[in-house]
Amino acid sequence: MKKMNNKGFLLVETLIVATFVLTVLVLLYIQFKNLVVNYNNSYNYNTVEGIYNLNAVKKYLIENDVDTEKLYQKLANKKLANNEKPYLVIYDGSGCNKSLGLYGTGLCDKIAEKGNFKKILYASADATSLKELAKTTNSDMSEDMRNFIKLLKSSENVNRLIAEYNDGTFATIVYDRSEKYSLSSFIGRAEDCGLYDDPLEKGRHIFRGDDPCNYIKLDKDIYRIISIESDGTFKVIKNEPLADKLIWDPGYSSTINKTGGIKANNTTSGTRYSSNTADYCYHTPMENYSGCNVWSKSNSTLNASKNGIQAMPRVLGNATTYNLPSDDSYINYYLNNKFLNTLSENVKSKITEHIFEVGPIKRNNQLLSEDALQSANYKWLGQIGLMSALDYVKADLNDTCRTVFYSSGSCEHRNWLKKNVYEWTMSPVFPTSTTSGDFVWNISSSGQLLYSAASNGPLSVRPVFYLTSDIKLSGTGTNKDNAYIIY
Amino acid sequence: MKNNKGFTVVELLAAFTLTMVIVVFLFEIVLELKNVYVDSSLKTSVISKNSVVATTLNNYFKRQDISSVSCFSNTCNVGSSNITIGSNDITIGDQVISMPTEPKPVEISKPIMENGCVSVSSKYNCYIKVSYSVDSDYLEKEIPFNYIYTYSG
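Line by line, the protein sequences give chains A and B.
Each residue of the first sequence is one higher than the one before, starting from 1 at the first, in our numbering.
Each residue of the second sequence is one higher than the one before, starting from 1 at the first, in our numbering.
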């Protein structure tokens with residue numbers, strides 16, 4: 001009899017092992033497939049340039065007031081009826097939605113074309129309904145778009161703009177109507193918040209009164225908002241003066257030079273003094289040289305048309321001009337070098353270069369409107385400045401204190417910018433002779449607008465700069481503890 | 001007595017053939033993985049650079065005086081400075097952003113820089129468009145970049 005071969009496996013054993021191996025392989029394949037899909041999605045979803053481009057659409061919708069009311073009313077916080085879609089089509093590849101009034105101006109179509117958009121949807125706050133809709137075939141959404149929508153977080157019930165681009169990428173950003181200008185949060189509360197129209201500049205708003213709600217926190221420091229400009233930027237001033245008191249510009253007797261280094265006493269070396277009568281910073285006698293009251297150097301000083309100039313008059317109305325110095329004032333240098341370097345990158349990124357008015361203002365009790373004209377005659381484009389004398393006067397709630405610029409009489413100030421210290425402004429005083437280009441407007445501890453020579457002091461300094469117009473604020477700004485925060 | 005240890009020739013051939021099939025299969029997988037690594041690595045680097053370009057452009061336009069803008073071909077003159085798209089870098093003002101050279105070099109192609117305005121009474125009625133593609137023999141497909149900035153003109 002033949003001996004049986006007991007080597008090998010039973011059929012059952014083979015089947016069991018094969019089933020096990022196959023199951024593991026199938027699971028691995030599924031995981032691998034998910035991996036590949038997620039890998040592709042990570043590159044195609046919410047690219048940085050995609051978000052910026054969608055933000056351009058958002059800017060258009062918010063700033064152009066093109067039936068945004070219609071968009072808002074239609075979707076925001078509204079319970080949807082059956083079969084009502086939780087979104088509106090803004091752009092579908094052929095043009096912007098006419099029924100929403102987005103067609104006709106040409107601007108919407110231009111932004112969509114240049115932004116390489118394939119489709120733009122404005123979606124309601126109900127993310128759950130949107131995701132449910134995305135599970136089924138939809139004529140307004142491609143399969144890829146539906147897959148993108150399925151990844152939205154259901155917990156985030158915010159109005160959204162959702163975009164599909166021609167290159168196969170997708171992006172989504174929050175669209176909130178209340179973001180229309182941070183200004184809107186102020187205007188509605190102007191009467192109890194101290195925000196007023198600037199009487200001399202249309203479209204500009206200023207804070208006025210004893211203690212308006214204009215506190216804003218930048219990192220750990222408290223600033224105050226002086227104004228909201230017509231271009232949407234925020235002019236802010238540091239609430240507390242700098243630890244260092246400063247002179248405005250060194251003179252003959254000063255102990256620091258024009259860049260803050262040590263200067264020998266009783267010399268004009270290291271100052272902006274000039275012995276040339278054709279120069280703006282000429283002064284006689286030399287021993288009485290008390291600094292030069294021009295904020296910025298030649299070519300950095302701009303005329304009313306914002307063109308760089310090399311010379312300016314020292315007497316109002318006089319055609320003769322005098323050569324501007326080749327250096328900025330010491331205080332300009334200090335603020336835009338030493339102080340600016342103390343700010344964090346976070347704050348610096350919010351600061352925008354802006355035009356400051358640095359025109360000299362006469363000291364002869366003229367109307368505020370005349371002061372404003374003179375101040376605007378000359379400008380400077382930069383980052384860190386000081387408040388102008390106009391800023392200070394406009395912030396006073398007392399009408400009498402705003403009537404004239406400089407008065408020998410007393411005035412009961414109701415002005416949040418009054419800090420009970422002597423502090424510099426950015427505004428020079430217009431010389432009344434050809435040799436006195438050294439006076440600068442400053443504020444006394446009693447709140448009176450005075451003037452003194454640029455090398456006097458040192459006086460307190462509170463830096464001023466402009467925050468970009470696209471910042472969003474949260475908080476009430478009523479005091480230091482409830483200061484606005486940029487989010 | 002017969003020696004029953006060892007393998008038969010047929011068994012050897014079968015085992016050898018099976019081994020070669022598996023080795024070739026594995027080799028293909030390794031090659032494919034290497035290509036995937038290079039592709040994904042390049043893609044990540046390029047997309048990171050594109051993100052930097054987009055952010056830098058955004059900050060640049062916000063800070064520049066964009067009242068005078070003129071764009072053509074691969075250059076935009078914005079105020080007193082300009083933006084240029086080179087063959088493997090982008091210059092934005094005085095900042096140069098170079099495309100990655102590791103693990104493999106890439107090239108920038110199809111540069112488009114244009115600007116224009118629409119004559120409507122709108123706060124943001126002008127635009128600047130910056131667009132290019134990044135390509136390489138080691139990329140599965142070219143990576144496009146398209147950025148638009150709107151402003152008041």
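To be clear, the hints were calculated from the coordinates, so they are not data collected in a lab.
Careful: at least some of the hints might be erroneous.
[What the hints assert, rightly or not] The calculated EDC-like cross-link candidates involving lysine to aspartate or glutamate, where the alpha carbons are at most 20 Å apart (straight line), are:
(1) 110/B <-> 89/B
(2) 141/B <-> 144/A
(3) 62/B <-> 353/A
(4) 62/B <-> 144/A
(5) 348/A <-> 65/B
(6) 306/A <-> 65/B
[Claimed, not checked] Here chain B is said to cover these stretches of chain A; the calculated rule only asks that three of the stretch's residues, wherever they fall, bring their Cβ under 8 Å from a Cβ of chain B:
(7) 39-48
(8) 110-118
(9) 297-303
(10) 413-427
[Said to hold, decoys possible] Derived Cβ-Cβ restraints for the label pairs, each shown as a range:
(11) 19/B <-> 132/A: 52 to 58 Å
(12) 29/A <-> 19/B: 39 to 45 Å
(13) 348/A <-> 72/B: 43 to 49 Å
(14) 40/A <-> 81/B: 17 to 23 Å
(15) 36/A <-> 15/B: 19 to 25 Å
(16) 276/A <-> 101/B: 52 to 58 Å
(17) 106/A <-> 34/B: 21 to 27 Å
(18) 15/A <-> 23/B: 27 to 33 Å
Note that this is a predicted model, so its numbers are computed, not measured.
We put the beta carbon where it would ideally sit given N, CA and C, even for glycine.
For the pair supplied as a hint, residue 62/B and residue 353/A, confirm whether the alpha-carbon distance does not exceed 20 Å. The given pair, whose Cα atoms are some 9 Å apart, holds under the 20 Å limit.
Checking one constraint from the list: CA of residue 110/B to CA of residue 89/B, max 20 Å. Satisfied? 13 Å, holds
Apply the coverage criterion to the segment 413-427 of chain A and chain B: a residue qualifies when its Cβ sits closer than 8 Å to a Cβ of the chain, and three qualifying residues are needed. With 0 residues closer than 8 Å to chain B, the segment 413-427 of chain A misses the three-residue bar; violated.
Okay, the segment 39-48 of chain A and chain B, do three or more residues pass the C-beta test at under 8 Å? Per the Cβ count (4), the hint holds.
Outcome for the supplied range 39 to 45 Å, where the beta carbon pair is residue 29/A and residue 19/B: 24 Å, violated
With the threshold set at 20 Å, check whether the alpha-carbon distance from residue 141/B to residue 144/A stays at or below it. 18 Å, holds
Three or more residues of the segment 297-303 of chain A near chain B by CB distance under 8 Å? Our answer is that it is violated, as 0 residues pass the Cβ test (under 8 Å) against chain B, missing three.
Within 19 to 25 Å: is that where the Cβ-Cβ distance between residue 36/A and residue 15/B falls? Once the Cβ atoms are compared, 34 Å apart, the range 19 to 25 Å for residue 15/B and residue 36/A is violated.
Within 27 to 33 Å: is that where the Cβ-Cβ distance between residue 15/A and residue 23/B falls? Since residue 15/A and residue 23/B have Cβ atoms about 28 Å apart, the given range 27 to 33 Å holds.
Is the distance from the Cβ of residue 348/A to the Cβ of residue 72/B consistent with 43 to 49 Å? Distance hint for residue 348/A, residue 72/B is violated at roughly 33 Å.
Residue 62/B and residue 144/A: Cα distance at most 20 Å? 34 Å, violated
Check the hint pairing residue 348/A with residue 65/B against an upper bound of 20 Å on the C-alpha distance. Holds - the C-alpha atoms of residue 65/B and residue 348/A are around 18 Å apart, at most 20 Å.
Comparing the model with each earlier hint shows violations of hints 4, 9, 10, 12, 13, 14, 15, 17; every other hint is respected.
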